[in-house]
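Spelled out from the first residue to the last, the chains are:
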Amino acid sequence: MTEDEFSAYQSLSEETEDHRWAFGTGFTDPLEGIDASVPPGVDAQALAAYCLMLGDDALIYSHRLQQWMTRMPELEEETALANIALDLLGQARMLLARAGLAEGAGRQEDQLAFFREEHEFRNVLLAERQDADFAELAGRLLIFSAWRLALFGKLAASADPVLAAIAAKGAKELAYHRDYAAQWVIRLGDGTPVSHGRMQAALGAIWPLVTELFHRDAVTAALPAVAADPAGVCAEVDAVLDTVLAAATLRRPDVAPMARVAGRAGRDGVHTEAFGYLLAELQSVARAHPDATW
Amino acid sequence: MDEPQVRSGWPLYEVFLRGKRGLNHVHVGSLHAADPQMALHHARDLYTRRNEGVSIWVVAARDITASSPDEKDPFFAPSGDKVYRHPTFYEIPDDVPHM
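These protein sequence lines map, in sequence, to chains Z and L. Residue numbers for the first sequence, in this note's numbering: 5 to 298. Residue numbers for the second sequence, in this note's numbering: -13 to 85.
Please keep in mind that the hints were generated in silico from the structure rather than gathered at the bench. Each hint should be verified, as a subset may be incorrect.
To be verified - With a Cα cut of at most 30 Å, we get these calculated BS3-like pairs of lysine-lysine:
no., chain 1, residue 1, chain 2, residue 2
1, Z, Lys173, L, Lys6
2, L, Lys58, L, Lys68
3, Z, Lys173, Z, Lys158
4, Z, Lys176, L, Lys68
5, Z, Lys176, Z, Lys158
All of these numbers come straight from a predicted model, not from anything done at the bench.
Make a model of the complete structure from these sequences and hints.
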């Protein structure tokens, strides 16, 4: 063994046949060995629509987090947030691929991500909101990850084995996201008078978007054994948020929910103005070079 | 604060990781954090992204007492010629690992 090989990382690597990686091997595919056919009795189009909803939440929120890159207050925090954005992008890829397969029209994940129009996206409005400051980033991530973790906890028992596997993997990621966000909400809320005031103001700005998260929709209702009823996780999410807010000495904001447009919101393809700019940035390269590979 | 002011104002922490097959924690680098708990999270985010570790230690760099390069000779040179301290004159059975 040469001096060079006997590095700190040498002892961290696993002995496997996979020599593509310098160190840290043993990667696994969460969907390995899972039957990808749509289970009998499940409405394939509804399943596709449902996976699109969950996939769009992750894709759009991941992009919002990516927009923080180079703008975070510390290098360490920037890496942490990049990790979270990558986790969500991974969830989005699996969910959009699942949606394309269940739909049966030959659309791949890239077609769904880059070649749909604004009104075809099904993400909740919380996912597309642009953070005004770091406090909003922490508060929004706490709410989003607490909500998504509660949903994924239920989806791990879904009648669709692919969705169940995606949820089981994602739940571990989301538990970390929630923990990361909670730590910052508590640090800022229970910090200086300035940080407390800004954290409280951030919650007030985000809170109108919380009600939509627990809204019952027709797609979920059509998939009783497959999907997780968003109204059914409200109590669980509330309990988590109350615990964090109490530790952070913050108040639950008393604000009216954002009005739906003729009863419609993100899940129906009705988005905020900011969404158009986000989508333009997300899709422009893929649309300029539609056949490119990288 | 008595430690040197770093750019971020956050103290420096040293990070030690133990890999899946590793026997002991090894030093992999350092980072800035406001307190040990944040240092642990930063270590997770900076040093285990490629599936390296199953256990992390962090320790404030100011808590480490290190030997000085000036003391290199008095500290280490005297052992340089004492080959008899190595157990190279024994047969090591094949089933004794990690020697």
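- request: Just pull the numbers of the violated hints for me, sorted ascending.
  value: 4
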